[in-house]
Amino acid sequence: MAESREHTFGGVRGRVVAREWPNDRPRYLAILVHGYGEHIGRYEYVADRLVRHGAAVYGVDHVGHGKSEGDRALIEDFEDVVTDVHSIVRRALSDHPGVPVVLIGHSMGGLIAARYAQRHGDGLAALVLSGPVIGEWEIVPELLAYEEPPDRPIDPATLSRDLSVGAAYAADPLVWHGPFKRATLEAFATTLATITKSGTFGALPTLWVHGGDDRLVPIRGSRPGIEAVRGTDLTERIYPGARHEVFNETSKDEVLDDVTSFVDRVLPG
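Following UniProt numbering, the numbering of the sequence shown begins with 1 at its first residue and continues without gaps.
Calculated directly from the structure, the hints in this document are not laboratory data. Check before you lean on any hint, since a few could be wrong.
[Unchecked claim] Taking lysine to aspartate or glutamate pairs in the EDC-like style, the calculated list, with each CA pair at most 20 Å apart, reads:
hint: 1; residue 1: K197; residue 2: E136
hint: 2; residue 1: K181; residue 2: E142
hint: 3; residue 1: K197; residue 2: D80
hint: 4; residue 1: K181; residue 2: E79
hint: 5; residue 1: K252; residue 2: E236
hint: 6; residue 1: K197; residue 2: E186
hint: 7; residue 1: K67; residue 2: E3
hint: 8; residue 1: K181; residue 2: E138
hint: 9; residue 1: K181; residue 2: E147
hint: 10; residue 1: K197; residue 2: D122
hint: 11; residue 1: K181; residue 2: E76
hint: 12; residue 1: K181; residue 2: E69
hint: 13; residue 1: K181; residue 2: D77
hint: 14; residue 1: K67; residue 2: E6
hint: 15; residue 1: K181; residue 2: E136
hint: 16; residue 1: K181; residue 2: D71
hint: 17; residue 1: K181; residue 2: E148
hint: 18; residue 1: K197; residue 2: E138
hint: 19; residue 1: K197; residue 2: E227
hint: 20; residue 1: K67; residue 2: E20
hint: 21; residue 1: K252; residue 2: E44
hint: 22; residue 1: K67; residue 2: E44
hint: 23; residue 1: K252; residue 2: D213
All chains, please: the whole structure from these sequences, using the hints.
Put into C-alpha cells, the structure is as follows:
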C-alpha cells in the first residue's frame, strides 16, 4: 500500500485530522470525502490505486469522526464540513500548484462533495459520487419523526458482499456504532433540500457509481437528487448485486477501473 502521513489543522468547529498519500509529480489531486460514522483511514485501498494511477491523494476525518475533534458523529451544519474540505483542497494545491483536482465522495461524503461542487465547482476538474446521500434518504424523515431518534445500527453485512469488510467495520474503534444524533439528521434534511434547489453542476464532468443492491442508500432515493443537479457531462455506473460500499466490494477493482478511466477521459491531455 502507498505510504501516508497525517497532519492537523483548525477546522470550522475544532481540530481536524487530515491524511495525505503523497506523489512527488502527480497528474492530478484526488480528494477523498468519507461517509457517515467512518473515517478516512478506511480508504487505504482506494488511495493506493489512485496513487498508482498518478494522483496525490488527500482526505480529512470530518468533525466528530475518526481522529478529529467534536462529539461523535455530530454534524450540525454541512456547510462547515464543506469549508473544511475546501481547506484540504487549498493545502493540496499549495503542495502542487496548477494540478487538476478530482473530488471523490462516498455516501454522506457524496452529499458533501455535491454541495462542494455547487460552491466551488469552478476549481474542480471532475467529480465522483459513490452511493451518494442526495435527493431523498428515507431514514432521515423516518428517524426525525421521533423526538429522540431510536438506535438503528448499520448491519455490517449491507456494506459489501465481502463479509470481511463488515467484520472489520464492526471491530473498528474509530467507527461510530451508536445512534444518529437528532441535530445530524436535521443537518442532513437541510442540506439535501439545499442541494436540490441550488442548481446543476453545469459542465463539470461527473461520475455516479452505485451498488445495485444498496440497501443503506437505495438508488431510488439518490436518482431524483442526481437528476436535480446533473449537468451536461454525467456518466452513470450501476453495479448489479453490489452493496453500499462499492469501493470495498468484491468488484472493487472494476469500480476503480471505471473511476480511473473516467479521470483519464476528463483530464487535460
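Comparing the hints with the structure gives:
Note on K197 and E136: the hinted pairing holds, with a Cα-Cα distance of about 13 Å set against a maximum of 20 Å. The suggested pairing of K181 with E142 holds, with an alpha-carbon distance near 13 Å, which does not exceed 20 Å. Simply put, K197 and D80 have alpha-carbon atoms about 19 Å apart, close enough for the 20 Å limit, and the pair holds. For the hint linking K181 to E79, the alpha-carbon distance of about 17 Å falls within 20 Å, and the restraint holds.
Under the criterion of a C-alpha separation no larger than 20 Å, the hint pairing K252 with E236 is consistent with the structure, at around 16 Å. Only pairs whose Cα atoms come within 20 Å are accepted, and K197 paired with E186 is accepted, the gap being roughly 17 Å. Proposed proximity of K67 and E3 is supported: the alpha carbons are some 18 Å apart, at most 20 Å. Distance hint between K181 and E138 is fulfilled; the C-alpha atoms sit about 16 Å from each other, no more than 20 Å.
Pair hint K181 plus E147 holds up; C-alpha atoms about 11 Å apart against a cutoff of 20 Å. Proposed proximity of K197 and D122 is supported: the alpha carbons are some 19 Å apart, at most 20 Å. Using a Cα cut-off of 20 Å, the hinted pair K181 and E76 holds, with the two alpha carbons roughly 9 Å apart. Between the alpha carbons of K181 and E69 the distance comes to roughly 16 Å, so the proposed pair stays at or under 20 Å and holds.
Distance hint between K181 and D77 is fulfilled; the C-alpha atoms sit about 13 Å from each other, no more than 20 Å. For the given pair, K67 sits about 10 Å from E6 by alpha-carbon distance, which is consistent with the 20 Å threshold. Of the supplied pair hints, the one linking K181 and E136 holds, its CA atoms being roughly 19 Å apart against a limit of 20 Å. With a CA separation close to 10 Å, the supplied pair K181 and D71 stays within the 20 Å bound.
A distance of roughly 8 Å separates the Cα atoms of K181 and E148; the hinted pair therefore holds under the 20 Å criterion. Between K197 and E138 the alpha-carbon distance is near 19 Å, which keeps this suggested pair within the 20 Å criterion. The suggested pairing of K197 with E227 holds, with an alpha-carbon distance near 12 Å, which does not exceed 20 Å. For the proposed pair K67 and E20, the alpha carbon gap of about 14 Å is at most 20 Å, so the pair holds.
For a cut-off of 20 Å, the pair hint linking K252 to E44 stands: about 13 Å separates their Cα positions. Taking the CA atoms of K67 and E44, the gap is near 16 Å; set against the 20 Å cutoff, the hint holds. Straight-line distance between C-alpha atoms of K252 and D213 comes to about 15 Å, which keeps the hinted pair within the 20 Å bound.
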